[in-house]
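Enquirer: So the sequence lines, in the order shown, correspond to chains G and P. Every letter in the first sequence is one number past the one before it in the working numbering, and letter 324, counting from 1, is 324. Every letter in the second sequence is one number past the one before it in the working numbering, and letter 27, counting from 1, is 1027.
Just so you know, the hints here were simulated from the structure itself, not pulled from any lab data. Small disclaimer: the values here were computed from a predicted structure and weren't measured. You may find that some hints are simply not true.
[What the hints assert, rightly or not] Listed next, with one range per pair, are the computed distances between beta-carbon atoms:
#1 P/D1180 to G/R122: 43 to 51 Å
#2 P/D1180 to G/D333: 31 to 39 Å
#3 P/Y1214 to G/D333: 50 to 58 Å
#4 G/Y292 to P/R1247: 30 to 38 Å
#5 P/R1121 to G/V309: 44 to 52 Å
#6 G/D85 to P/T1111: 56 to 64 Å
#7 G/R122 to P/Y1208: 26 to 34 Å
[Said to hold, decoys possible] Reference excerpt, derived from the structure (chain P facing chain G, CB under 7 Å, subset only):
#8 H1057
#9 P1058
#10 M1077
#11 A1083
#12 L1089
#13 P1098
#14 A1112
#15 I1136
#16 D1137
[Claimed, not checked] To list a few chain G residues with every Cβ distance to chain P over 10 Å, as calculated:
#17 P37
#18 F46
#19 A62
#20 D63
#21 D84
#22 L146
#23 G269
#24 E284
#25 P310
#26 I344
#27 R355
Glycine included, C-beta positions come from ideal geometry on N, C-alpha and C.
What follows is the residue order along each chain.
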Amino acid sequence: MTSPSTEPRAHSHGLGGIPFSKLATHGSFDVNDFPVPAGREEEWRFTPLRRLRGLHDGTAVADGTDKVDIDAPAGVTVETVGRDDERIGAAGFPADRVTAQAHTSFEKATVVTVAQGAALERPVTIHRQAQGGTRYDQFVIDVKPLAEAIVVLNQTGTGVRAGSVDIHVAEGARLTLVSVQDWDRDAVDVSQHNAQVAKDATFKSIVITLGGDLVRLSPKVAYKGRGANAELHGLYFTGDGQHHEHRSLIDHNMSNTRSRVEYKGALSGKDAHGVWIGDVIIGEGTTGTDSYEHNRNLQLTDDTRVDSVPNLEIFTGEVEGAGHAAASGRLDDIHLFYLRSRGIPEEEARRLVIRGYFLELVNRIPVEELREEIMAKVESKLAEHE
Amino acid sequence: MTKFEIRGLRADVLIGEDERQEILKGVDLTINSGETHAIMGPNGSGKSTLAYAIAGHPRYEITEGEVLLDGENILEMSVDERARAGVFLAMQYPVEVPGVSMSNFLRSSVTAVRGEAPKLRQFSKELQGAMKDLAIDPAFAARGVNEGFSGGEKKRHEILQLELLKPKVAILDETDSGLDVDALKVVSEGVNRAKAGGEMGVMLITHYTRILNYVKPDFVHVFAGGRVAESGGPELADVLESEGYERFVKAGA
Ligand SMILES: Nc1ncnc2c1ncn2[C@@H]1O[C@H](COP(=O)(O)OP(=O)(O)OP(=O)(O)O)[C@@H](O)[C@H]1O
Ligand SMILES: [Mg+2]
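Isolated chain G (complex conformation):
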């Protein structure tokens, strides 16, 4: 093997093989290929294992239910399929034991297909309300060539959830996936998004994580042709005791591909913990890669914790652009000064600046109604911390 890849292989090597890169480009569909993590492993070292409620060591029992409502406009097919459907798992390996556990244990998968050339009149909305217990799930979002779609995965309720969302964006297609983790405060969610982006296609991921006790979300992107483009945007607001972990991986395994990763979080309250791992691989023999990633954290109180790790691995000299930036800190006192120098009281100035910080990202959501809906959720979460 000469180049890391998230392409699924017929036979998995699990974690037993010799990794070409330390990045988690390897994986397996079989939970038994992964040892039970102890907590010191690179991919687990930031995650509080005890709060995974047994997802990682095989003790969790799948006994949960979800209420799922899907609103699909014309041009979209929604199917519920069994384990043997060949579309499941075709976008990439589970990269860790929990995701592999979900793949090993799920019963039914949901497949959403957007027909070739379709331009949807409204977004596809998947309302997923978790109703307690533990559940493993698989979703497949298959956007056929030249189609254009927005898919919203709106997740609320309580329970322990693990699974994958497989995403195929075919030639010339455009998909915006808005994934909202608005779980109840005690929920646990470990999931992986695997996107395969074809020639001249654009995949835009917008991740909004507000709820839960522990959320660990790993969006991964691999390319299937030149001119493919992926933009991953993330927003998290992490309150007292919450653990929000986002682990993106962009594998520039093809030439002339582009990626942007932009994650912005705010943390407030005791032991609020935000983790961002931004892995980017620029594969051997590729040319014309254009990649940039960036993570910002606003620590609204001193008792919060941030781990921010950009990780760029370049295996070629022919890069068009690659860079990263990370910054964590308090609210900018000069921003506050400017607003206050116009008479705006301190509290209100703080609110304006924090909202502005998030609005920059929310404004990337293509539908106004959706922007307002998301902003309302952010607002109510903010209100809890003021």
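With chain G's structure known, arrange chain P with the ligands on it following the hints.
Expert: Coordinates of chain P with the ligands only, in the frame set by chain G:
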């Protein structure tokens, strides 16, 4: 009738954790409503420091003296209280606040300074009018505060705020720098509109006599070495323009 008095003001710029440097070394200046005082002085003499210190910028600390607005020491007030009391600073380098829309910001500001929220429709009419007067494209209202504005666009928006907030004292820190000829005229007219009622005092910091042809000063002060080195009438500006500051820099050193 408003009296704005700066008395024996000393201030440090806060550089690092325990590094600071004294910049203002005893500034005395009184500005009555209706008066325009031009402040001219060499680069680095402390003009912006004076402006920022009065406004309460967090990077400066006042070590001595007082600033009285009708007898009340504004230095005891918070930054926003000073603004609500009627002190306005048009900054030399206005701050970009990403994600906060100009219209939202202006409405919050006007609400705070006037003490009550203006009716939405009335306010948007007022805002549109004020923007038109300053030849500002209405599209700016939807943009982030100063976000990606050109230098001149930022300055116009400072004067837009001046006109909306109607302060008792306006400190204009190099509002004329970076303006093209037409913009200078538009901006000066804005300042003159705000002055028109005779209820506002103006401290106009500038390097050029150009703006003084539009906004007529009653007094001109030379600022050097962290203090007012000399004061005179409008004719002093012309003297400075032809002779420079050399005399005062030497005197200050
Ligand atoms: N962070 C800093 N560290 C060191 N010196 C500083 C700092 N901030 C300001 N100063 C110094 O304070 C002095 C006064 O600066 P100020 O900006 O008030 O000058 P100014 O008169 O407004 O100049 P200009 O005409 O160029 O605008 C300058 O010498 C400047 O270098
Ligand atoms: Mg200056």
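Enquirer: Okay, which hints does this one fail, numbers in order?
Expert: The structure conflicts with hints 3, 4, 7, 10, 15, 16, 26, 27, although it agrees with all the remaining ones.
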